[in-house]
Amino acid sequence: MLHISTTFFLLFGTGVLTVKCPAVSMKGSTGDNKVTIWCEHTIHVTGKLCWFKQTSDALPITLVCMHYTESLQSVEPRYSNNFTKNHLIMHMCGKKTTLTIMDVNISDSGFYFCGAMDYNIQFFNGIRLEVKEKNDMSRKNATENLKKDQKECPVSSENVSGSIFFTLTLLFGGIIICTFSILLILAIYRHHKQQRRGAECQAHQHNYEEQEFESVEYSAVQFSKKKSKSAEEHTDPFLVYTHAT
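Note that the sequence shown covers residues -18 to -1, 1 to 227 in mature numbering (1 follows the signal peptide of the UniProt record, and there is no 0).
Please note: incorrect hints may appear among the correct ones.
To be verified - Straight line, CA to CA, 30 Å or less: simulated BS3-like cross-link-like pairs of lysine-lysine: (1) Lys67 x Lys116; (2) Lys114 x Lys67; (3) Lys116 x Lys16.
Claimed, not checked - Pair by pair, the computed Cβ-Cβ distance ranges are: (4) Glu182 x Thr149: 27 to 33 Å; (5) His186 x Leu166: 26 to 32 Å; (6) Cys160 x Asn189: 40 to 46 Å.
Since the hints were derived computationally from the structure, they do not count as laboratory data.
We put the beta carbon where it would ideally sit given N, CA and C, even for glycine.
My request is simple: use the sequences and hints to build the entire structure.
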């Protein structure tokens, strides 16, 4: 067991072993009292269980370790790399272990995972913790809530298109009605004007005919019908009336 333990930490210390596992994301903000993450292990009888932290592409560092037994005897955790129980608290509960981070700050961001060592070395899926400033988290949460509300109550493009179509229909309908009204008024005005002109023309024509009739003068023209010399002279008067202007 001592040989395995030495090998285990030697691999991390020399940088030969790095861990990159898919992890569940967890978000926190500065000023939070605590954040608790958990991990499942497969130690059956006895072994050593440790929590590790990895940031970016750096090598994982050991945070705290505890000796595991089936009887779950109370064992004091051993901290590494200047971490203390005032900031990190490790617990065991059956096949699960938890790590509680107290007084969360930005430097606590990283990938946390647990490793078990009994007869071999095993690592388990971890959790990626992202810590941001409290104001940034508030703005981000507000943005996410707004996006969620918009997603739950989206504005239908069909409704928008329908309202635009209805508005355009009313607009063009009003323009068409106004145009036809103006054309109808102009047609009625023109018709009345033509009727008035026709009545005036008829009145002028009637007056002209009356004036023509009143100016007619009649004069008598006498023609003589002469007989031959051998015949007795006799004259028959013919009256012809001519129109004199």
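Of the numbered hints stated earlier in the document, which are not met by this structure?
4
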